[in-house]
Structures are given as structure tokens and as C-alpha cells.
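Use these hints to put chain B onto chain A, whose structure you have.
2 protein chains.
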Amino acid sequence: MAPRILEALSRPTVGHLDPQFLAIMDDVNRRLRTLFGTENRLTFAVSGTGSAAQEASLANVLEPGDTAIIGVNGVFGTRLADMARRMGAEVVEVTAPWGRIVDPDDVIAAHRRTPEARVVALVHAETSTGVHQPLAEVGAHLAGTDTLFVVDAVTSLGGMPVDVDAHHIDVCYSGAQKCIGVPPGVSPITFSERAVTRIRNRRRPCQSWYLDAALLADYVGEGATRKYHHTAPINMMYALHEGLVLIEEEGLEARFRRHREAGDALQRALLERGWELFAQDGYRLPQLTAAILPGGREEGPLRRALLEEHGIEVGGGLGPGAGKLWRIGLMGAGATLENVERLLEAVDALLA
Amino acid sequence: MAPRILEALSRPTVGHLDPQFLAIMDDVNRRLRTLFGTENRLTFAVSGTGSAAQEASLANVLEPGDTAIIGVNGVFGTRLADMARRMGAEVVEVTAPWGRIVDPDDVIAAHRRTPEARVVALVHAETSTGVHQPLAEVGAHLAGTDTLFVVDAVTSLGGMPVDVDAHHIDVCYSGAQKCIGVPPGVSPITFSERAVTRIRNRRRPCQSWYLDAALLADYVGEGATRKYHHTAPINMMYALHEGLVLIEEEGLEARFRRHREAGDALQRALLERGWELFAQDGYRLPQLTAAILPGGREEGPLRRALLEEHGIEVGGGLGPGAGKLWRIGLMGAGATLENVERLLEAVDALLA
Chain A
1 MAPRILEALS RPTVGHLDPQ FLAIMDDVNR RLRTLFGTEN RLTFAVSGTG
51 SAAQEASLAN VLEPGDTAII GVNGVFGTRL ADMARRMGAE VVEVTAPWGR
101 IVDPDDVIAA HRRTPEARVV ALVHAETSTG VHQPLAEVGA HLAGTDTLFV
151 VDAVTSLGGM PVDVDAHHID VCYSGAQKCI GVPPGVSPIT FSERAVTRIR
201 NRRRPCQSWY LDAALLADYV GEGATRKYHH TAPINMMYAL HEGLVLIEEE
251 GLEARFRRHR EAGDALQRAL LERGWELFAQ DGYRLPQLTA AILPGGREEG
301 PLRRALLEEH GIEVGGGLGP GAGKLWRIGL MGAGATLENV ERLLEAVDAL
351 LA
Chain B
1 MAPRILEALS RPTVGHLDPQ FLAIMDDVNR RLRTLFGTEN RLTFAVSGTG
51 SAAQEASLAN VLEPGDTAII GVNGVFGTRL ADMARRMGAE VVEVTAPWGR
101 IVDPDDVIAA HRRTPEARVV ALVHAETSTG VHQPLAEVGA HLAGTDTLFV
151 VDAVTSLGGM PVDVDAHHID VCYSGAQKCI GVPPGVSPIT FSERAVTRIR
201 NRRRPCQSWY LDAALLADYV GEGATRKYHH TAPINMMYAL HEGLVLIEEE
251 GLEARFRRHR EAGDALQRAL LERGWELFAQ DGYRLPQLTA AILPGGREEG
301 PLRRALLEEH GIEVGGGLGP GAGKLWRIGL MGAGATLENV ERLLEAVDAL
351 LA
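Protein sequences, first through last, are from chains A and B.
Be aware that the first sequence starts at 1, since it is given in my numbering, and climbs by one per residue.
Be aware that the second sequence starts at 1, since it is given in my numbering, and climbs by one per residue.
Extracted from the complex, chain A is given alone in its bound form (with noise of 0.2 Å):
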């Protein structure tokens, strides 16, 4: 974590309806459209970390009934269709194999047999399995349709394009503490007019009080009312802040290029090394590495070595991974050279 972005953390709290906050809140939401690549209105931060902005982004546009398309192909699209079911509806599951990503044509394919779809949701960064997903195909395909057009950005927002408006997403999300580089607990989310159009004609309200973005409009939106919805996040707010103004100083490009260089070195360091990279290439993210490791050697030792001895902390596996594989992340500050040559004298240590 940038030593600025804990600094923000514990300025004075002040009231959520406070003129000094309710500024901030409107530059967070200026700079959050920045790097979402979109103009829409509706931009805010949620207050609750990621799986609270994913959960929103279906709440809001899916009712009883409705169908959703969704590409699963590991732990968050599983997730995404968990939640749709859970709110009653109908989910059509796009599937690959944990590792590769969601083949456009089958999803383009899924939505001309069941174009009654209200959304189409996939996963841009897969946290569990390092896969960089495409977007443009399906976007376009949705763009002139009724369907509305869900993604997933956790783990790109910050640390790629993910480029809303260009790409017809209608509802995006992220969180604070990936490529953006904040501690978790709020999460930026983003509603194209299309999606507010949809929420404003609900059959029944979102069964949500707390993530119901008709209600948070209210509150979040320049130039709204300021009705009192909930208390929002005060401190965290000063983070997320803080982390959005670091990332306009270093400029977007600059950051794309830090992250793609150091997840670069790191992916080539690993294979020259034996391991193998657990995306498919071509379709890898530089900020989530998912490697297993050489030799079938298990890894939940030599991770937990990894954190004790060395101070180095990465993820396991999840699913088809577990207990094979690392899931390393570089994000936000931490996506340096230093780091990787860091790691890489851990591991050459711990794996000698």
C-alpha cells in the first residue's frame, strides 16, 4: 500500500452528509469515470468491498423470472451465477475449463437462442485462475440488443483498459484493494443510462435496500438531493481518494505499462524456472499470475515458507488448482520490477 493512501486512511472523520465529504465523493466519482473509461452518470463507489459491488450489479437489473447469461470459468463467474439463482433467476451458463477463457462465439451463440436475456455477465480479470477475458466481441454483439451487458473488472480496474463506453458495458464493478491499490471496503461500480432506464422501470424494487442504486442516486449523484440513504465509509472514501489521485499523477497509460511489464517479467522468470502458467496464452493477466509449481511439488508449505520466511504473501489455488498452484499478484504499488526480483530470490531460495 502507497504510504500516501494509509496516511488518507486516518485523516479526522468527518459526517456523511458534510460538505468537505460530500466534495470528495463527487471528485471520486469524476476520476472513477476516468478510469472506467465511461461517461456515465451513475458512477460511484459501493460501501462494502468487491463481492458487494458484484452483488449490485445483478440486484439491480435482474427481477424474478428474468434469464441471465453468464460465462463461468472459475471462482467469480461461479459465483455471479450463484447470486443470479439466488435472486430468482434463470441463469444459462457459458462454460470453459477453469484456465481458458469464455469463447465470445459461445456466448454470442448462448444469447441468439435465448435472446429474451436480460444480461449477459462476464468476468474481464478471472482472480482465480489468471485468465484476461475479451470483452469487444460480446459487447458489440449486445450493443443493439435488449440485453444488458454485466462485467466484472475486480481485478482489471486500475491495472488495464477496461474501457466501459467503448466496449457497450452496461454495469462494471471493481474493488479497491487490486490494481487500484486501496485497502478493501468500497468498490467502484458504473450504470449506463440503459441500465438506470431499466432500474427506474423495475416491476418490483430491487430486493436489495442497501445496494438499490435508485436509492443511492439519490445520495451518490452530483447535484442530487443528498437524501440520507446510509452512512457511507467516511475514511475509506479518503483512501479510495487518495489511491485515484496517485493513479493521475503516474497517468493511466504509464500504469497499464508498469503493471503489463512487471507481470511480464515475472510470467517469463516462472517458466524459464519450470513452472507452468495455468491461463492460456495469450489470454494472461500480468497482474494475477496463476503458476504451478515445477515438479508437482505441493504448494501450501513452500507458500506459508514464502510469508514467514521471506514476508512475501501470495494466494493458493482455487478449484482445479488447489494445492498445485501460486495465485501472485502485482497490483497497484506492488506491481514492480523490484518485487518480481524479489520474489524470484524467495523462490529460487525456497525451491533450491
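I should point out that these hints are in silico values taken from the structure, not numbers from a laboratory.
Incorrect hints may have been included.
Intra- or inter-copy, both count: the list cannot distinguish identical chains.
Using 25 Å as the maximum straight-line C-alpha spacing, the simulated DMTMM-like pairs for lysine to aspartate or glutamate come out as follows [what the hints assert, rightly or not]:
#1 Lys-324 / Asp-106
#2 Lys-227 / Glu-308
#3 Lys-227 / Glu-298
#4 Lys-324 / Glu-63
#5 Lys-324 / Asp-218
#6 Lys-227 / Glu-249
#7 Lys-227 / Glu-313
#8 Lys-227 / Asp-82
#9 Lys-324 / Asp-18
Quick look at chain B alone, frame taken from chain A:
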């Protein structure tokens, strides 16, 4: 905010499955049990602000078609009813005018008429009116029935006894930013064994994945499998932990007394100055004073002057209190006689 809380907020962020973090979470849960006055195993902090915990309280125990009896005498009872309806419940409202308690006999009578009700919900400390709702009679009545007792303790926990076990409360939630004195963003909740049994035996899963206590129990519980659910708001949990340590250092009795003395002093002084207290005599919260300005003075301009000229922030009236009253919080580190003096000096200057 106590300086130690802000310092805790800015500690280095670790992972949500880091052993250091899990130890803090366990200690938070243990301390929350003391604060709630409960032995409930399933006691933890929801990853959102108080309204998220409020939604979690009902979403976990209600299913579509269930009946919920809800006491409504202010904003937060109204919101509980709204939330329950969104969940598909039949709501029986037991109302009282804003500023008065919901009569326990009315609640018990409503329950006798609809004994099939799955929950009875009351707001212990109505932040919109300053009313202190008695809980003992309703709790004793419900203890021998199949109906769960849900209590909103957002503005009471940490400032006055809540006594979850003594009052036979099954689900109780709070917020961090009231009497616990921590910035908003995490929210304590506790579930009795019979609430947990209800949750485990639901006919269909909780409508909210993010707030599903059955899933959360596998992550937050001591001795749980620590199964990944969502990423907890790490730094907010540091702050909550520090807040609970401060509470233990002060001692519960001393803390409750401090809140009572500050609130009593303020209320006496306002009455002497011709203000009218909005809450019913005998049922006034010391930590939240809703007071009508003397002589029909419009509250808005004076409240803004209080903030701009004296650096003191109070809330405006809500509902029937809009435009005519202030809601003055004396909570956490702010509940001191010195703060009462400071406010009264400002009031005397502004209303001179």
C-alpha cells in the same frame, strides 16, 4: 475519533487469510460478545456500514411469504419494514408516533394475533428521534415461542447495555461509528443458536450471497474452516479492534456512565434554555438527543452556522422533526462534559 483508532486504521494492510489478520478477527469477535452481552458463537462484523448489518439481520432469517412484526416509530423501524417487504415478507407494523416508544403490550398483542410470525423486530435506539425502546417484556414473551427477536442496536451498542442474552434477543446488529467510536465501514452482528438453526434449515438460500451468515460462518468463526468468502475490509477491522480494546480499557460500566452523564447534562441544559426534547420523558437516549429549537426557530441556517463558525456538526430532523430539531450525538470519545460545554457555548452565541 480517538487518535489511537485513526492510528490503527493506517497500519499496513495484510491479506484476509493472513494468520495475523485472522487472530485480530477472532479477538474482535470475542470482544463483541462481551459488548453485546452474549455467548453466541456466531458473532462478527459485517463488511459494510450499519445498514448492511440491518439488511443481514432480516435477510438471513426471513423467507418469501414469512410474516414479520416490526415496530415502527421512526426512520429505522420504517426501513426495517421496507427491507422485509423487499424480501417478500408480509409485514405487520406496530406503530407509535415518532418520539414515543412502541408499546411493548402492542407488540405482544400483535404477536398473539399472528403467532406464526417468523420475527419480531424492534429498534433499541431510534437515531431519528432519540427514543430508547424497552426490550425486556417483548424478549421474555417471545422466548417461549418459535418467533425470533431481532433488535437494531446501531446507536446503543457500546454506549448502554444491550444485554442480548438476558433479553432473549436472537439477532442483534450495530454500527461502528456510533457509541463504539470507530469510523463507519464495519458493523457488529450476533446470531443466537436458534437463529443459526433457522438459517441452517432455510427452504431456500439467503437472497444475499454477500450477507449470507451460513457462508460467513465458515470464514469468520473461530475454529472454522476459514473458507474464502469475500475480502474483509482489513484496515477497518484494525480500527474496530482498537475501538474494542479502548472500550475494555475504560470498562463497560464507566463508559455507559460517561454517556449517561454527558447526555443528561446536555438535556437538562437544553430544557433550561427553552428547547423541547422530542423523545418521550423517561425513554430518552443520552447518546442521541433530538431537541426542538426554542421559539420556532428554523434549524437549518443555525445548524450550518454551528458547523461553519464553531466546527460542530449535528444532524437535522428527519420525518416529522424535519426543519425544527437538531439531533445531537454524544457517542464514543465524543461523549464528554467538555463537549457538552463547547456545544452550549456555541448554542448561546448562535441563539443570542
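Against the structure, the hints:
1. Taking the shortest Cα distances, Lys-324 and Asp-106 never come within 25 Å of each other, neither inside one copy (29 Å) nor across copies (61 Å).
2. Taking the shortest alpha-carbon separations for Lys-227 and Glu-308, only the inter-copy value of 21 Å comes in at or below 25 Å, while the best intra-copy value is 48 Å.
3. For the identical chains of this complex, Lys-227 and Glu-298 are inter-copy neighbours only, at 19 Å across copies versus 54 Å inside a copy, given an alpha-carbon limit of 25 Å.
4. For the identical chains of this complex, Lys-324 and Glu-63 are neighbours neither inside a copy (40 Å) nor across copies (40 Å), given an alpha-carbon limit of 25 Å.
5. Within a single copy, Lys-324 and Asp-218 get their C-alpha atoms only as close as 48 Å, which misses the 25 Å cut-off; across copies the closest is 23 Å, which meets it.
6. Neither within a single protomer nor between protomers do Lys-227 and Glu-249 lie at most 25 Å apart by alpha-carbon distance, with minima of 33 Å and 38 Å respectively.
7. For the identical chains of this complex, Lys-227 and Glu-313 are inter-copy neighbours only, at 17 Å across copies versus 42 Å inside a copy, given an alpha-carbon limit of 25 Å.
8. In this assembly of identical chains, Lys-227 and Asp-82 lie within 25 Å of each other by CA distance solely across copies; the values are 17 Å between and 32 Å within a copy.
9. Within a single copy, Lys-324 and Asp-18 get their C-alpha atoms only as close as 50 Å, which misses the 25 Å cut-off; across copies the closest is 19 Å, which meets it.
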